[in-house]
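S.K.: Keeping their order, the protein sequence lines are chains A and B.
Every position in the first sequence, counted from 1, becomes a number in our numbering once 55 is added.
Every position in the second sequence, counted from 1, becomes a number in our numbering once 89 is added.
Since the hints were made in silico from the structure, they are not lab data.
Predicted model only: the values in this text are computed from it and were never measured.
The beta carbon of each residue, even a glycine, is placed where N, CA and C say it ideally should be.
One or more of the hints may lead you astray.
The following residues of chain A were derived to be distant from chain B, with all beta-carbon distances above 12 Å [what the hints assert, rightly or not]: (1) G70; (2) N154; (3) A177; (4) A216.
With beta-carbon atoms standing in for the labels, derived distance ranges [what the hints assert, rightly or not]: (5) A:A102 with B:N250: 25 to 35 Å; (6) B:V394 with A:A102: 55 to 65 Å; (7) A:A102 with B:E105: 50 to 60 Å; (8) A:F167 with B:I114: 46 to 56 Å.
Given next are the chains, with one letter for each unit.
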Amino acid sequence: MAAKEASIMEGPGAGEENLGVTNGKIGMWTFLVMDAMTFAGILAGYARIRWGSPADAPWPDPLDAFGVVGIQLTAFNTFVLICSSVFMVHVLAEQMRGNMEAAQKWLMATIFGGMIFLGIQAFEWTHLIIDKFGLVVLAGCNENFPATFYLLTGFHGLHVAVGVIYNTFLLVMMRRGKVTEEHTSTTEIAGLYWHFVDLVWILVFTFVYLIPVHPPGS
Amino acid sequence: MSEIKAKGYLSPLSEEAKTSKWAYIKEWLCSTDAKRIGVLYLAFATFMGIFGGVLSILIRIELAQHGTVLFEDPSTYNALPGLHATAMIFFFIIPAFTGVANFVVPIQIGAPDMAFPRLNLAAFWILPPAALTTFFGFFLNSLPEFGWTAYPPLSNNVYSNMIGADFWVLGLVLVGVSSTMAAINFLATIFNMRCKGMKMFQLPLFTWSLVVTSFLILAATPVLTSALLMLTFERMFPGAFHFFNPAGGGDPILYQHLFWFYSHPAVYIMILPGFGLISSVIQTFSRKHIFGYALMAWSMMAIAVLGFLVWAHHMYTTGIALEVRVGFMFLTMLIAVPTGIKIFSWLATMWGGSIKFDTPMLFALGFIAMFTIGGLSGVVLASVSVDIQLHDTYYVVAHIHYVLVAGSMMTIFAGVYYWYPKITGKMYNRFWGKVHFWITAIFLNVTFFLQHWMGVKGMPRRYYDYDPQFEWANAIASYGSYVLFIGQLIFVANLIWSWKNGEDAKANHWYGDGIHLEWFIPSPPDHHNFHEPPEWKPIVRHHEHPDQPAGLWHSYKD
Ligand SMILES: [Cu+2]
């Protein structure tokens with residue numbers, strides 16, 4: 056039952072009584088609980104500010120603020136991140152089959168997806184700061200629209216960047232033969248993080264870009 | 090250079106460290122052994138506890154008399170209550186429990202070490218820089234004056250435009266990172282590294298309390314971090330971020346929601362390990378199994394869950410809807426139920442036991458008696474109508490000090506005395522231990538009891554000066570606090586002196602009555618705790634079980 060420890064996860068292994076997973080996986084799961092609560096705090100702040108906007112400074116409609124093209128671009132970005140998450144599943148699948156060559160290729164695709172996401176986000180930020188609301192506001196609207204936007208997407212972008220570095224590290228370990236087909240739990244742990252980043256993005260995207268101020272038909 | 094003689098985990102590992110003092114110290118500072126890290130935590134907590142104590146003495150000197158006593162400039166005084174709270178909460182109580190737990194938990198579950206030893210060391214080493222950062226304002230003569238709550242707008246860059254405040258916020262974020270790392274480590278260790286026979290519902294209650302506390306830390310601390318992040322952005326870039334500024338469409342009450350979503354559970358982060366620890370102490374010195382073991386574990390979980398649903402009881406005067414306040418009042422009062430279960434189970438454990446009044450037991454008994462006072466004043470404060478009168482008065486100060494001094498601090502003392510023979514392999518001086526207990530027990534009441542009265546009469550907290558009618562009571566509180574502080578120095582001196590000069594401790598030091606695994610290995614334990622993986626003979630908790638007829642004490646080795 057006690058799963059094997061991956062070579063890079065030093066330290067004592069699981070005991071006689073355990074949950075049937077590696078220590079590292081429990082570590083990642085509990086870390087994600089913490090990380091989820093950080094996002095929950097920021098998202099709760101966003102929700103409170105947005106739906107508590109005073110009447111004289113209403114929340115701008117995302118459609119007006121970003122424009123149709125802006126939302127479409129970010130939707131494409133969401134698609135890229137989901138694809139990257141799917142590639143990560145293939146990494147693990149190929150590793151379990153013992154096909155390390157293919158696993159590395161899928162991992163490269165995963166990393167590439169994360170980089171595209173960051174690139175598009177950097178482009179979007181630059182465009183918004185220079186051409187649109189910058190650090191200021193849409194006239195007459197709640198000044199926290201850009202503030203919460205940059206905080207939420209920036210904090211998430213930071214997570215993507217960490218994930219890209221994490222996955223690159225994993226790729227290097229595979230190349231050097233330190234992570235072999237035996238060490239599926241190492242990949243699984245990295246995958247947990249990557250899927251979590253993806254999941255959080257779906258929430259951020261929905262809150263920030265999709266939920267309209269004026270519901271259709273009103 | 091003389092050879093360093095020490096037993097067990099205290100003994101030098103490398104050849105170099107055997108003869109060189111510096112190599113030995115360096116080995117300690119870089120050790121990934123949970124026991125050594127635990128001792129480092131305790132040393133750090135002691136230092137910070139004295140620091141926080143000095144701050145509180147400065148506060149009490151200023152308040153000893155009406156008018157100006159010590160500080161010509163009230164703004165210096167204004168910084169002290171917040172910094173005292175920060176030092177005590179984040180750098181004394183929480184690290185002290187983490188230290189005890191680092192030492193005890195891996196042994197209690199029969200593990201050689203924590204799950205992530207290097208993460209453990211890193212978590213500790215974040216603390217000293219975090220403390221330096223938090224209190225860096227002392228070096229710049231720029232201390233934050235917004236109390237430990239840091240409510241905006243008082244804490245924004247307009248009203249608190251001091252660089253020391255930014256350092257303070259950054260320091261708190263670092264402490265949060267450190268305690269989160271420790272919590273992850275405890276959960277992985279306890280869930281996954283138990284020895285044979287150590288099922289979840291065989292865990293000693295101290296270990297159980299660490300499971301619950303770690304979940305509290307994981308779920309609550311990041312919310313404080315998110316609030317502090319928003320506050321920092323607002324302070325750094327006031328033109329762009331207005332999360333808490335109504336002029337920019339923000340909401341100052343939002344900060345209070347986020348802050349108390351952390352800071353109410355934080356009270357349980359600071360008391361649940363104490364609850365677990367007291368359960369060990371009471372069963373050992375009563376020579377009886379803990380009464381209602383399963384309920385004791387479940388009631389800790391109930392406290393943790395309810396603890397997340399009560400935060401707005403700190404915000405009754407902020408203008409939130411009455412229906413909401415009444416809901417929070419109900420949920421807050423509900424916490425008295427699981428807490429009551431624990432108090433009565435401890436009493437039932439002692440009932441009919443053969444009680445021995447050693448210092449750890451004295452602290453446990455003092456804790457039960459006086460924590461109950463803090464619990465009852467908590468129920469008073471939970472009531473909306475009463476709290477509107479008592480909000481931000483000395484009644485709140487009295488309440489929190491009965492909870493944290495008579496609660497957390499006394500349980501820490503109980504734990505340190507209880508495990509001191511195990512940690513050091515020496516016995517502390519019994520006489521001075523008892524002196525320490527009586528000074529603490531008596532003078533904490535001298536210091537804090539009258540503060541209930543001051544609060545009811547309307548003396549506000551955090552103020553530099555007060556109405557002359559409170560002078561006599563404040564004088565008593567101040568003199569009480571001086572003696573209380575000196576009593577703690579006796580404690581520190583006793584521990585340091587006894588480590589060198591104390592008599593050798595036995596393996597199962599407390600009359601052979603310790604039943605958890607740490608009492609079945611030598612004092613002090615060896616590196617990696619056990620020479621071969623231990624096996625836990627499960628405790629059967631049914632009455633009159635053929636293996637353990639009622640009254641027969643559990644024996645580990647058959
Ligand atoms: Cu509370």
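S.K.: Can you name, in rising order, the numbers of the hints this structure does not satisfy?
M.R.: 1 and 6
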